[in-house]
Structures are given as C-alpha cells and as structure tokens.
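*Asks:* Under the numbering used here, think of the first position of the sequence shown as 100, with each following residue one higher.
Bear in mind the hints are in silico, worked out from the structure with no lab data behind them.
Glycine is no exception: its CB is placed at the ideal position from the N, C-alpha and C atoms.
Misleading hints may appear alongside valid ones.
Simulated DEER-style distance windows between Cβ atoms [to be verified]:
hint, residue 1, residue 2, range
1, Lys188, His238, 26 to 34 Å
2, Ala210, Glu117, 54 to 62 Å
3, Arg213, Asn109, 20 to 28 Å
4, Ala131, Lys230, 23 to 31 Å
5, Met100, Tyr234, 20 to 28 Å
Below, in silico cross-link-like pairs of lysine to any residue (SDA-like), each with a Cα-Cα straight-line distance of 25 Å or less [unchecked claim]:
hint, residue 1, residue 2
6, Lys105, Ser161
7, Lys188, Ile221
8, Lys188, Trp157
9, Lys219, Gln199
10, Lys105, Ile180
11, Lys188, Ile123
12, Lys230, Phe108
13, Lys219, Val192
14, Lys105, Arg152
15, Lys222, Asn195
16, Lys223, Glu236
17, Lys212, Val197
18, Lys219, Met200
19, Lys219, Asp193
20, Lys105, Leu127
21, Lys230, Glu208
22, Lys235, Phe205
23, Lys126, Gly189
24, Lys222, Ala210
25, Lys188, Asn154
26, Lys188, Asp176
27, Lys218, Val192
28, Lys230, Ala186
29, Lys230, Ile217
30, Lys223, Asn195
31, Lys230, Cys209
32, Lys222, Val204
33, Lys126, Arg152
34, Lys219, His238
35, Lys218, Ile237
36, Lys235, Ala225
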Amino acid sequence: MRIEIKHRFNGSVLFSCEAVSMKIAVKLAIEAGADLSGADLSRANLSGADLSRANLSWADLSRADLLRADLLRANLDYTNIPMWCGALKGIKVDFNLVCQMLLHVFALECADKRFITIKKAIKKYAELSTKWGYYKEIHQ
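Please work from the sequences and hints to get the whole structure.
*Replies:* So this is what it looks like as structure tokens:
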C-alpha cells in the first residue's frame with residue numbers, strides 16, 4: 100500500500116513509498132536520507148524501529164509505540180515524546196537526550212525540599228544539554 104509521511108503542521112508530504120506499515124516506510128525514509136523533521140508519526144507503531152541518526156526534530160511522536168526503538172544520535176529537538184512509562188520502556192537513547200530530559204526536569208518549579216535536592220543533583224547533567232544556553236538565556 101502507498102504510505103505517505105506528512106508534515107505535522109502543513110500536511111506536505113515528506114516521504115512516500117510502497118510499504119506494508121508505517122514502521123517500514125519510516126525505515127525506508129531514513130535509509131533514503133529523507134528529512135523527517137516535523138513528521139506526523141503520531142499513533143505509529145515504531146516498536147523496535149531503528150531511528151538512529153534520523154532527523155525527527157519537531158516530529159509528533161505522541162501515542163507512537165516506541166517500545167525497544169533505537170533513538171541513538173537521532174535529532175529529537177522539539178519532538179513530543181510520549182512520557183508514560185510504557186512508552187519509554189526499552190528505548191535506546193544517547194547521553195545527550197538524557198541530559199536534555201534532565202534539563203526539562205531541572206526547569207520545573209517545585210518548593211518541596213526533596214525536589215530541591217534532586218535539582219541540585221541533576222544540575223551538572225542538565226548543564227551538559229545542548230539547550231542549556233537557551234535555558235539560561237530565558238531564565239536570567
């Protein structure tokens with residue numbers, strides 16, 4: 100069947116091919132070097148997919164099945180990643196993404212003393228995020 104990977108904001112076709120599933124279509128797009136930034140991959144079954152090195156910035160991964168997906172060195176800037184525990188199980192990520200996620204936790208405001216302790220503990224890793232400069236700029 101013909102599968103089109105469309106841009107989440109303007110509906111333009113980023114990649115199209117004959118494939119039996121969205122997972123196969125995404126694999127073919129990555130192999131072809133397609134830029135999937137802004138792709139609407141919501142609800143896609145991407146379990147076990149090799150998404151390493153893919154440009155998925157601004158992509159919509161909400162409700163996507165990412166179980167055991169490989170996101171090593173993928174560009175996930177401004178991507179909405181499903182944050183329920185089942186969605187995150189077994190996803191392979193690199194240290195840069197871990198630091199970026201810790202920056203998001205660090206940016207939260209919570210007066211609870213336990214959170215303040217956590218915030219102090221993760222600061223050195225949040226500072227390693229490629230977005231630390233942006234965070235500091237808007238929170239001065």
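*Asks:* Taking the hints in turn, state whether each one holds.
*Replies:* Here is how each hint holds up against the structure:
1. Lys188 / His238: 26 to 34 Å: Since the Cβ atoms of Lys188 and His238 sit about 32 Å apart, the hinted range of 26 to 34 Å holds.
2. Ala210 / Glu117: 54 to 62 Å: 55 Å, holds
3. Arg213 / Asn109: 20 to 28 Å: 44 Å, violated
4. Ala131 / Lys230: 23 to 31 Å: Given a distance of about 29 Å, which is inside 23 to 31 Å, the answer is holds.
5. Met100 / Tyr234: 20 to 28 Å: 43 Å, violated
6. Lys105 / Ser161: Holds, because 15 Å separates the two Cα atoms, which is no more than 25 Å.
7. Lys188 / Ile221: 21 Å, holds
8. Lys188 / Trp157: This hinted pair holds, its Cα atoms lying about 22 Å apart.
9. Lys219 / Gln199: Roughly 16 Å between the alpha carbons, so the hint for Lys219 and Gln199 holds.
10. Lys105 / Ile180: 18 Å, holds
11. Lys188 / Ile123: Between Lys188 and Ile123 the Cα gap is close to 21 Å, so the pair holds against 25 Å.
12. Lys230 / Phe108: Roughly 23 Å between the alpha carbons, so the hint for Lys230 and Phe108 holds.
13. Lys219 / Val192: 23 Å, holds
14. Lys105 / Arg152: 19 Å, holds
15. Lys222 / Asn195: 14 Å, holds
16. Lys223 / Glu236: Satisfied, since the Cα-Cα distance of roughly 17 Å is no more than 25 Å.
17. Lys212 / Val197: 23 Å, holds
18. Lys219 / Met200: Roughly 15 Å separates the two Cα atoms, so the pair holds.
19. Lys219 / Asp193: Distance of about 22 Å is within 25 Å: holds.
20. Lys105 / Leu127: The given pair, whose Cα atoms are some 14 Å apart, holds under the 25 Å limit.
21. Lys230 / Glu208: 18 Å, holds
22. Lys235 / Phe205: Cα-Cα ~12 Å, so holds.
23. Lys126 / Gly189: 19 Å, holds
24. Lys222 / Ala210: The given pair, whose Cα atoms are some 16 Å apart, holds under the 25 Å limit.
25. Lys188 / Asn154: Within the cut-off at roughly 22 Å; holds.
26. Lys188 / Asp176: 20 Å, holds
27. Lys218 / Val192: Holds, at roughly 22 Å.
28. Lys230 / Ala186: 24 Å, holds
29. Lys230 / Ile217: At roughly 20 Å apart (the allowed maximum being 25 Å), Ile217 and Lys230 satisfy the hint.
30. Lys223 / Asn195: 13 Å, holds
31. Lys230 / Cys209: 21 Å, holds
32. Lys222 / Val204: 10 Å, holds
33. Lys126 / Arg152: Holds, at about 11 Å.
34. Lys219 / His238: Distance ~17 Å between Lys219 and His238 Cα, so the pair holds.
35. Lys218 / Ile237: 18 Å, holds
36. Lys235 / Ala225: 11 Å, holds
Checked against the numbered hints above, the structure violates hints 3, 5; every other hint is satisfied.
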